[in-house]
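On the provided structure of chain A, position chain B as indicated by the hints.
2 protein chains.
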Amino acid sequence: MKTDYRAVTLTGGFWKQKEDLNRDVTIPAVYTRFDETGRIEAFKCNWKEGMPNQPHIFWDSDVVKWMEGAAYVLSREDIPELQDKVEALIDEIEKNQGEDGYFNIHFTVVKPEARFTQRDWHELYCAGHMMEAAVAYYEATGRDRFLKIAEKYAAYIKAVFMDGTAEPKPAFRSPGHEEIELALYRMYRCTGNRDWLDLCAYFLNIRGTADDEPGDTTYCRGTQVQAHLPIREQFSAVGHSVRAGYLYTAMADLAGETGDEALLFACRQLYNDLVNGKMYITGGLGSTCHGEAFTIPYDLPNDQAYTETCASIAMIYFAHRMNRIERDAKYADTIEKELYNGMLSGLSLSGDAFFYENPLEIHLDNYKKQGGRYPITRRQKVFGCSCCPPNLNRVLSSLGQYFYGWEDGRVWVNQFGDSVFAEGGMKITQTTGYPVDGKIVLQAEGTETVYVRIPAWCRKFTANRAYVMDKGYAMFAGDGEIIVDLVMEPVLMQSATGVYKNLDKAALQYGPLVYCAEGIDNGNDIHNLYFDTRSADWKMEVCGKCGCPKFVGHGFRRIDPSADLYYPLAESFVETELTMIPYHVFANREETNMLVFLSYR
Amino acid sequence: MKTDYRAVTLTGGFWKQKEDLNRDVTIPAVYTRFDETGRIEAFKCNWKEGMPNQPHIFWDSDVVKWMEGAAYVLSREDIPELQDKVEALIDEIEKNQGEDGYFNIHFTVVKPEARFTQRDWHELYCAGHMMEAAVAYYEATGRDRFLKIAEKYAAYIKAVFMDGTAEPKPAFRSPGHEEIELALYRMYRCTGNRDWLDLCAYFLNIRGTADDEPGDTTYCRGTQVQAHLPIREQFSAVGHSVRAGYLYTAMADLAGETGDEALLFACRQLYNDLVNGKMYITGGLGSTCHGEAFTIPYDLPNDQAYTETCASIAMIYFAHRMNRIERDAKYADTIEKELYNGMLSGLSLSGDAFFYENPLEIHLDNYKKQGGRYPITRRQKVFGCSCCPPNLNRVLSSLGQYFYGWEDGRVWVNQFGDSVFAEGGMKITQTTGYPVDGKIVLQAEGTETVYVRIPAWCRKFTANRAYVMDKGYAMFAGDGEIIVDLVMEPVLMQSATGVYKNLDKAALQYGPLVYCAEGIDNGNDIHNLYFDTRSADWKMEVCGKCGCPKFVGHGFRRIDPSADLYYPLAESFVETELTMIPYHVFANREETNMLVFLSYR
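So the protein sequences, as listed, match chains A and B. Here the first sequence is numbered in the numbering used here, starting from 4 and rising by one per residue. Here the second sequence is numbered in the numbering used here, starting from 4 and rising by one per residue.
I should point out that these hints are in silico values taken from the structure, not numbers from a laboratory. Incorrect hints may appear among the rest.
[What the hints assert, rightly or not] Each computed DSS-like pair below joins lysine-lysine, with the alpha-carbon atoms no more than 30 Å apart:
| id | chain 1 | residue 1 | chain 2 | residue 2 |
| --- | --- | --- | --- | --- |
| 1 | A | Lys371 | B | Lys372 |
| 2 | B | Lys504 | A | Lys371 |
| 3 | A | Lys504 | B | Lys504 |
| 4 | A | Lys372 | B | Lys372 |
| 5 | B | Lys504 | A | Lys372 |
| 6 | B | Lys47 | B | Lys98 |
| 7 | B | Lys114 | B | Lys47 |
Bound-form chain A, shown alone (with noise of 0.2 Å):
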């Protein structure tokens, strides 16, 4: 299956406000935030010892995926003061490379001594985040200039690392944050140049190897790195949750390419394991804040979860290109799960606030008593650490890639939303209120075969036309209209009993749509709602700010029938209205307790 955000037009509904959003607020409010804080600046690489704004090792990356981001935007429409700004930069970077073809701020301006010598300080990180920004902006815009910068510095990459035909020696042999591997072979998507192939499985390869230098930190060495086996050997999502997602998205992309069996056997083990056992029903990834990592299957906490925005945003990628290979609609549901919820609860209903990381649970009262460390309650402007504002940039200006896959004749429709999609001859057109309603109308020209996934949370659908199922999809032979309405309601979850926190509580879900309580609805003693199993007669009204459905319901809420600390069994309750907004739209009002599994009887 073939996909390409230039095959699709959003034409409405939830997905295109976003895009019209981070168009008109965020990409703006990220380079302005990127601006301020000297991270544009830098790249005039004139940075010296004693000046304020000390270049950052990840800061090129910052940017770069910014220009990512602003790249897709350009794809779509002429935004001269958008593409001056993406230029200016690109002018900086070429004036700035070296003969050799190395750019990164960091390793030019304060520490140059130090290049390709800690595997852990992001170099090639920043440079794979070049390397996918100079081919979005090539393939947005016909524009070749800076493809051209970034093939150079692939080259010297190769041949300092691969090679061996180029200094510095390096001290290292993967790198401490995958990227680069996912890059390069985007690289070799766009240019044909099979160096870059060849590079992407070269550090695939080594990495978890005996060959594979761990550099000087012992952090670098193990799990958390991902670099304890060898990639064909790793079937358990370890260690930092980001870097495993890129490395994931690299391996499934080299497998997809190569039909390397034993490669494909451990992407999809790989992806059972996080599915199964390390993912949050919103999606998010990253049990603890120690290392940003996974811990062990079903240490799900909610209030201590991780759960970083790109843990959710590499998620969508490595799901996607399995789902490209295999061509199998629960991909897809992953993908829907991560942009409706993990994902999107990164980024304020404004557009310009951030959450680097997205908890299940707050509760100020034992946030007071840590100090108010982690998680935070309120999205920030920016981080000091700012990977994910950017990173949403360039997923919510390139999401048509999601909706639609293609292939000889057959289109698979994977994510819903008003759009069009064209593409050889054939064309979609998709109208629907998705996800508020789950009727989608489909107008198909010049297709053989039409898959329309059918959402793993849907349990009941119909059709205007035959259907065969077809790996989680209602595939429809021919062209014309195609209907499909996905019955949706309001449902608990509940979670297997592995996650024991969970225990006896639930999760109110509608559609792809994760919900939460908010104290500011509820009373702050949100802990103690009771969903009701029975009657909570549920009613739907659709938020004019977030475009989806909230639902207020009958509940309850414990009481105690003693003043006591202990006391014998004695259930006490009140009946309560329940207010359930969406899980991505919570801290969008004051700061208040949130929890998304609740208690039920």
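Showing chain B alone in chain A's frame:
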């Protein structure tokens, strides 16, 4: 009300067995471990740089607490070998006491220049424990050599800290770890010398005032060491939980002595704050390992509980003082809760292994994720910081003081167990099968009034004679036979809703005993076990090893109706047998999961 362990003889039953175990196993075992680790040798004060076993700042206190425990044993029986060990230690203390009266091993042989410069280095804490041991040894044996040493040291401390008539000028005023305050009060009660009362009051009254120099560590400035407020303004238990307990004990001593109403008010507030919001159902105190401290009300995590054995012991001391002042059975209830649960869990059934922290939940997989750091899951023979084992020594050899109180012809029966109380012509002989059976038979002679505690856990009792209830006691006039039959049955206890992590959970309690489920009896997935609230049909068996009932009854085990990590609410249970053992005997077999609060249905 007066209390004195010397007025009471334990004659049989549960606590007599523990008293004997302490004499025969625990006291010798602690001495042996202290000897093996260099703590005994250290009293020779001949350690020099480069030698092994550098004396630690709190080694003095470990050993003198053991001496105090031995003293209580020696009050009842002549054990020459034990007495020789104590006398040999006193020899060394006498030999190495400074001419000025000073004695501290660490500050003599390791850092002599640092005397009284480090508020947090336990110097006065060690001094206090030495005073307690000296008082105990004098009261137990009539030998006053150790007491004179302690008095000489106390006089020097008074001259340095209070009068300013001796060198050096101390770098702090009140100590960083409370203990000397209550010890000075014991010295005063023993000797009648008001100097010790004055010095006790001095250390207490200066605490947290503007005159209280905090010394050189920020750690010592605030709530962690209860120096954030003057003592009469401390209404909320904060900071290190053992320090807090020792402080509150001394505050109660002083309030009881002087009738200081403001101070007594603070004591009552602190007591209420503890039992109504910061105490585990086991009596455990201290919700976090960070600072071994209290956090905020209702924050009582079961798995991350710190609940140091010493904190339960300190609470026994505090409640004991409050009971003496207030003659309210609720304080003796707390002592009972601590004795049977939070304190006793610190000791293995074999008598020679110890817990420092006493969690209410063990989930071995989760410890694996933390690298097995905390809390420990098996009792240890000795700790680097070994305050708890000798603290158990001294409580278990002076238990009688908690059993009875007296004043002007009145006797209070506070704890239950075969025992004889005799004092001032009054005598009570108690016969009971407690805690297996709630029938208490008392033969009272020479008493005007006998008060029998009706425990807070008891919802129904009968008596053979007329009584009037007074502050939780059934008050019987005259003497003769009194039979009180406390109805004991297994009861499920829940927590106040504020303890939101215990919502939908209950703990089994039988009389004063709190129960737990261990994986070794119930299968390792104990987190999926449910109490049956309708037909548990508990079968009681008395365990030969621990002398307490264990219960086997009907329960449920939750199972997954789906292999998915999340699925629509569909409760699936299988019937199972539940085996519940007393909390204090957990971890006496192999390493296994453990849980106090289970789900119920």
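Does Lys47/B lie within 30 Å of Lys114/B when you go C-alpha to C-alpha?
16 Å, holds
Lys47/B paired with Lys98/B [C-alpha distance capped at 30 Å]:
8 Å, holds
Distance restraint between Lys371/A and Lys372/B, which requires alpha-carbon spacing of 30 Å or less:
Satisfied, since the Cα-Cα distance of roughly 25 Å is no more than 30 Å.
Measure nothing beyond the straight line between the CA atoms of Lys372/A and Lys372/B; if it is 30 Å or shorter, mark the hint as holding.
23 Å, holds
Measure nothing beyond the straight line between the CA atoms of Lys504/B and Lys372/A; if it is 30 Å or shorter, mark the hint as holding.
16 Å, holds
Tell me if the straight-line CA distance from Lys504/A to Lys504/B falls inside 30 Å.
Between Lys504/A and Lys504/B the Cα gap is close to 9 Å, so the pair holds against 30 Å.
Between Lys504/B and Lys371/A, is the straight-line Cα distance small enough, at 30 Å or below?
Since the Cα atoms of Lys504/B and Lys371/A sit roughly 17 Å apart, the hinted pair holds (cutoff 30 Å).
In terms of the numbered hints stated before, the structure departs from none.
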